[in-house]
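K.L.:
The whole structure should be built from the sequences, with the hints applied where relevant.
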Amino acid sequence: MVLETVTAQGGAEGGVLAQDFVQFCVDAGVLRFGEFKTKAGRLSPYFFNAGLFDDGAKLGRLAQFYAQALIAHGVQFDMVFGPAYKGIPLGAAVVIELARLGRNVPFAYNRKEAKDHGEGGSLVGAPLQGRVLIVDDVMSAGTAVRESIALIRAAGATPHAVAIALDRQEKATEAGPDGVMRDVDHSAVQYVKRELGLQVCAIATLDDLLQYLNLHANQALQSERDRVLAYRLRYGVA
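Numbering follows our numbering, in which position 174 of the sequence shown is assigned residue number 244; successive positions increment by one, without gaps.
Please note that a few of the clues may not be correct.
The list that follows gives simulated cross-link-like pairs (lysine-lysine, DSS-like), each with its CA atoms no further than 27 angstroms apart [unchecked claim]:
{"no.": "1", "residue 1": "LYS109", "residue 2": "LYS263"}
{"no.": "2", "residue 1": "LYS128", "residue 2": "LYS109"}
{"no.": "3", "residue 1": "LYS128", "residue 2": "LYS156"}
{"no.": "4", "residue 1": "LYS263", "residue 2": "LYS156"}
{"no.": "5", "residue 1": "LYS182", "residue 2": "LYS107"}
{"no.": "6", "residue 1": "LYS109", "residue 2": "LYS182"}
{"no.": "7", "residue 1": "LYS109", "residue 2": "LYS156"}
{"no.": "8", "residue 1": "LYS156", "residue 2": "LYS107"}
{"no.": "9", "residue 1": "LYS182", "residue 2": "LYS128"}
{"no.": "10", "residue 1": "LYS263", "residue 2": "LYS241"}
{"no.": "11", "residue 1": "LYS128", "residue 2": "LYS107"}
{"no.": "12", "residue 1": "LYS182", "residue 2": "LYS263"}
{"no.": "13", "residue 1": "LYS156", "residue 2": "LYS241"}
{"no.": "14", "residue 1": "LYS241", "residue 2": "LYS109"}
{"no.": "15", "residue 1": "LYS107", "residue 2": "LYS241"}
{"no.": "16", "residue 1": "LYS182", "residue 2": "LYS156"}
Label pairs and their computed distance ranges (CB to CB) [as the list claims (entries may be wrong)]:
{"no.": "17", "residue 1": "GLN292", "residue 2": "ALA220", "range": "42 to 52 angstroms"}
{"no.": "18", "residue 1": "ASN288", "residue 2": "PRO197", "range": "46 to 56 angstroms"}
{"no.": "19", "residue 1": "ASN119", "residue 2": "ASP255", "range": "24 to 34 angstroms"}
{"no.": "20", "residue 1": "GLY85", "residue 2": "VAL175", "range": "21 to 31 angstroms"}
{"no.": "21", "residue 1": "ALA300", "residue 2": "GLY144", "range": "28 to 38 angstroms"}
Hints are computed from structural coordinates only; laboratory data are not their basis. The structure displayed is predicted, hence computed values, not measured ones. All C-beta atoms, glycine included, are put in the ideal place defined by N, C-alpha and C.
P.N.:
Structure representation (structure tokens):
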């Protein structure tokens with residue numbers, strides 16, 4: 071079992087992996103700097119657009135990063151689930167890469183709308199069973215994960231872990247009693263870990279991005295680093 075034989079190599083290797091991943095995302099145009107409005111209404115100095123992993127080479131390389139991160143973190147699971155929509159190609163690519171590495175695991179995904187003909191239902195692929203790994207790109211509010219957890223539990227399986235490409239490490243927003251959205255002291259990733267009890271494996275984090283900017287502090291990236299650091303100080307979580 072490949073994922074069970076490399077667990078001791080987490081630490082330093084994980085840091086190198088994260089830096090390689092950030093560089094890959096910058097080169098691929100997936101990670102961009104500027105001014106971007108987030109779902110929470112914040113003006114972010116960077117934007118991670120997983121939809122730009124838009125050809126076979128990029129998607130294949132991305133799957134390699136997911137698999138290597140899962141190995142480095144020692145994540146144990148019996149099958150992979152890809153939540154609609156972005157999680158579907160990501161999950162499929164990851165199981166293909168895992169099979170190439172010698173770990174062949176089942177894969178399933180969901181439809182947004184249940185199908186009322188053919189095989190019917192909202193789930194496609196292998197039956198949900200055992201410990202399930204959910205694969206997605208980022209976790210902003212944790213909505214896709216919560217929906218996935220409900221589907222997995224309803225099928226009698228165990229939601230066990232989540233793999234994401236980037237952990238933005240920033241405060242989540244939640245509606246208060248008056249319905250107004252406000253910042254809270256935890257991130258969506260922290261909520262999933264602490265409240266839902268799932269392990270979360272991120273290929274890279276905002277701290278890794280800041281480290282990358284520090285290591286490549288030319289004149290162009292110096293200002294980007296300062297803006298990302300200011301954003302981290304304002305909206306970041308411990």
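K.L.:
Of the numbered hints stated earlier in the document, which are not met by this structure?
P.N.:
No numbers; nothing is violated.
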